[in-house]
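Given the coordinates of chain E, work out where chain L should sit on it, guided by the hints.
Heads up: the protein sequence lines correspond to chains E and L, in order.
Those letters in the first sequence? Residues 1 to 462, per our numbering, in order.
Those letters in the second sequence? Residues 1 to 173, per our numbering, in order.
It cannot be assumed that every hint is accurate.
[Unchecked claim] Covered stretches of chain E (in silico footprint by chain L; criterion: 3 or more residues with CB under 8 Å from a CB of chain L, positions within the stretch not fixed): (1) 233-246; (2) 431-445.
[As the list claims (entries may be wrong)] Derived Cβ-Cβ restraints for the label pairs, each shown as a range: (3) 20/L x 336/E: 57 to 63 Å; (4) 123/L x 230/E: 43 to 49 Å; (5) 171/E x 138/L: 32 to 38 Å; (6) 14/L x 168/E: 41 to 47 Å; (7) 72/E x 79/L: 54 to 60 Å; (8) 123/L x 248/E: 39 to 45 Å; (9) 61/E x 157/L: 56 to 62 Å.
[Claimed, not checked] Calculated from the model, a selection of chain E residues having no Cβ within reach of chain L, i.e. all distances over 12 Å: (10) 55; (11) 148; (12) 162; (13) 175; (14) 227; (15) 230; (16) 363; (17) 371; (18) 412.
Simulated from the structure, these hints should not be mistaken for laboratory data.
Idealized CB from N, CA, C, for every residue including glycine.
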Amino acid sequence: MPGADGWTRRGLLRALGGAALAGLGGRRAAARLARRRPPNIVVILSDNHRWDAWGGAGHPFVRTPHLDRLAREGLVFANAFCTTPLCSPARASFLTGRYAWQHGVWNHSNRGFWDDAYETFLERLHGEAGYATAFIGKWHMPGSGMPKLRGLDRFVTFTIQDGQGRYFDCPLVVDGRPEPSRKAYLPEELTDRAIEFIESRREDPFCVYLSHKSVHHPWRPHPDHDDLYADAEVDLPEGANRWTGFTNGEIWGGFERPIDVSIRRYMATVTSLDREIGRILDALDAFDLTGETVVLYTSDNGFLFGEHGHVELRWPFEEVLRLPFVVRAPGRVEGPGRRAEQMALNIDLGPTLLDLAGLPASPTMHGRSLVPAMRSAGAPGRRAWLVENHREFPYNAPSYRGVRTERHLYVEYEGRFEPSLHDVVRDPRQQQDIMGTAEADALLPELRRTLEALKRGERFDG
Amino acid sequence: MAERRSSPWRLPVALVSLTGLSWAVYQSAPPRIAELAIVPYTACLIFGAGLAYPAARRAGAGTAGALLAGLAIPTLWLGKEMVRVTAVFPAGQALYYALNPLSVGIFVAAWSQMAVAELCLQRRSGARAGWPVAVLLGVAALAAAAWVVGHDSGGRDLFYGYIAGYRRLFPGP
Chain E
1 MPGADGWTRR GLLRALGGAA LAGLGGRRAA ARLARRRPPN IVVILSDNHR WDAWGGAGHP
61 FVRTPHLDRL AREGLVFANA FCTTPLCSPA RASFLTGRYA WQHGVWNHSN RGFWDDAYET
121 FLERLHGEAG YATAFIGKWH MPGSGMPKLR GLDRFVTFTI QDGQGRYFDC PLVVDGRPEP
181 SRKAYLPEEL TDRAIEFIES RREDPFCVYL SHKSVHHPWR PHPDHDDLYA DAEVDLPEGA
241 NRWTGFTNGE IWGGFERPID VSIRRYMATV TSLDREIGRI LDALDAFDLT GETVVLYTSD
301 NGFLFGEHGH VELRWPFEEV LRLPFVVRAP GRVEGPGRRA EQMALNIDLG PTLLDLAGLP
361 ASPTMHGRSL VPAMRSAGAP GRRAWLVENH REFPYNAPSY RGVRTERHLY VEYEGRFEPS
421 LHDVVRDPRQ QQDIMGTAEA DALLPELRRT LEALKRGERF DG
Chain L
1 MAERRSSPWR LPVALVSLTG LSWAVYQSAP PRIAELAIVP YTACLIFGAG LAYPAARRAG
61 AGTAGALLAG LAIPTLWLGK EMVRVTAVFP AGQALYYALN PLSVGIFVAA WSQMAVAELC
121 LQRRSGARAG WPVAVLLGVA ALAAAAWVVG HDSGGRDLFY GYIAGYRRLF PGP
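Extracted from the complex, chain E is given alone in its bound form:
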């Protein structure tokens, strides 16, 4: 299904490919062509998937064989973060490469809206590199009606439950028209749609942005996985009890059962999602596209299951800010299976994918390409970035802005909350706020200067 100018671009790519093959001949030429042709791209974005809740991160019981495979064959960014730990702003940051204060989607409700004028990496891949593009899944950004995204060949989403969707029998909106879901389980349906798009456009370079509802609450695994972890031993975080999520307003974070039961359900939903990741990988294998397709898996933010007294996201804690971030880019990753230590952010997604396609980042994008870090373990990393939240009724987390360096997280809050400072290397669970100590007094001037500079839009990218 060509776009308005898709046939010309595809024809040009084919002509170039044919000329190269004819001129150079044989497998070597094909290999050279493969290197020149921009890679296909599949971005799989999940929801509220904690950085530590998968096998490759060493979780004690959750099974994610397909994500583990992706990590073995690719690269894990071990220090990946969201700049705003909330679905809508984080998703806008992925698409635009900008911080929430820059793109204006502050939260789910009424503080800032998605503006159709925003430029996304999908639009540029489509318009400047001839990609066939599809956005499939959760959109969930505040605004009036459906967005009018430019540069999309296929747009499959849902609007039910304020855009959150339902795990089962979720009605869809396909290219603006309502359509029933063919599969009962939403992640399966979305994966089917993604595979269909890949199959139909496999002659083109394609970019599929597969945005799952999983593993957002209410955690609903596939029926095959309903009791998968029913007997798993769950250790609650220090200080939490089974009912932490029912009290002090935490119930709005999506709590509906005792924490240990919720954790088992959450992990089972992770495994169900993993199966869908596996179906994408299998489809790429079956279509013989694995070698020329970049697959990137990440999440919008993490989740607190009782840590720091919260069953929620939004708070500036590592459990929420850190992301699983796995990239498989055949021929483009030095030493597959390794971990990259450079700090990667959600705002880096767009610049990275554009870089892979041979395009420069947009001037409006604040993120940086991660391709150098994929190519070399020694590539310089970012030194500091801005973390922000804009309060959202009726949730407990206040508005704040902070600075995260490789070692520290300093946050200034609005309202009746005192600033906090944690050494996240020495104290990764953030149990000790070091504000008021001599150590903090020595650190604060520089951290405050950096924070003010980040607020002004300055970069500390190494």
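For chain L alone, kept in the frame of chain E given last:
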């Protein structure tokens, strides 16, 4: 010798005290004890009205007094919640917080229990009470039905309706 009636406030005050005490324990005790303390706290919050209202009535409380006895725990709980909300949101939004589905559900539960208790007391005594129990029951039934049906009415459950109301009342930025 005249029959000596107990104070209409004895049980309601005891229940309020138990609620407060169990909350204090829940907030400060180690997790295992906190998990025990949450049981009486939750039970008082959800079922307290069903105990306090008829106890107050039987002890001679009038309509207003019995309602006060029955609604004391949910009202105090809601007040505590609204104060908590002011840590992040302005007072007007904290007031709107009172209308959230959870609070409404708790008040509907209290109201329903009081209505049923009043009906039972009337039947037992054979006398009509001073307030319209049929209206009370009707309101409780309608609210409960709306709560249950609205929980997933076409995918926009009560919470999203509540948030839509918030957006209208407090547009921003």
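Status of each hint after checking the structure:
no.	hint	verdict
1	233-246	holds (count 7)
2	431-445	violated (count 0)
3	20/L x 336/E: 57 to 63 Å	holds, 60 Å
4	123/L x 230/E: 43 to 49 Å	holds, 46 Å
5	171/E x 138/L: 32 to 38 Å	holds, 35 Å
6	14/L x 168/E: 41 to 47 Å	holds, 46 Å
7	72/E x 79/L: 54 to 60 Å	holds, 55 Å
8	123/L x 248/E: 39 to 45 Å	holds, 41 Å
9	61/E x 157/L: 56 to 62 Å	violated, 32 Å
10	55	holds, 28 Å
11	148	holds, 21 Å
12	162	violated, 5 Å
13	175	holds, 20 Å
14	227	holds, 24 Å
15	230	holds, 20 Å
16	363	holds, 25 Å
17	371	holds, 36 Å
18	412	holds, 15 Å
The structure shown violates the earlier hints numbered 2, 9 and 12.
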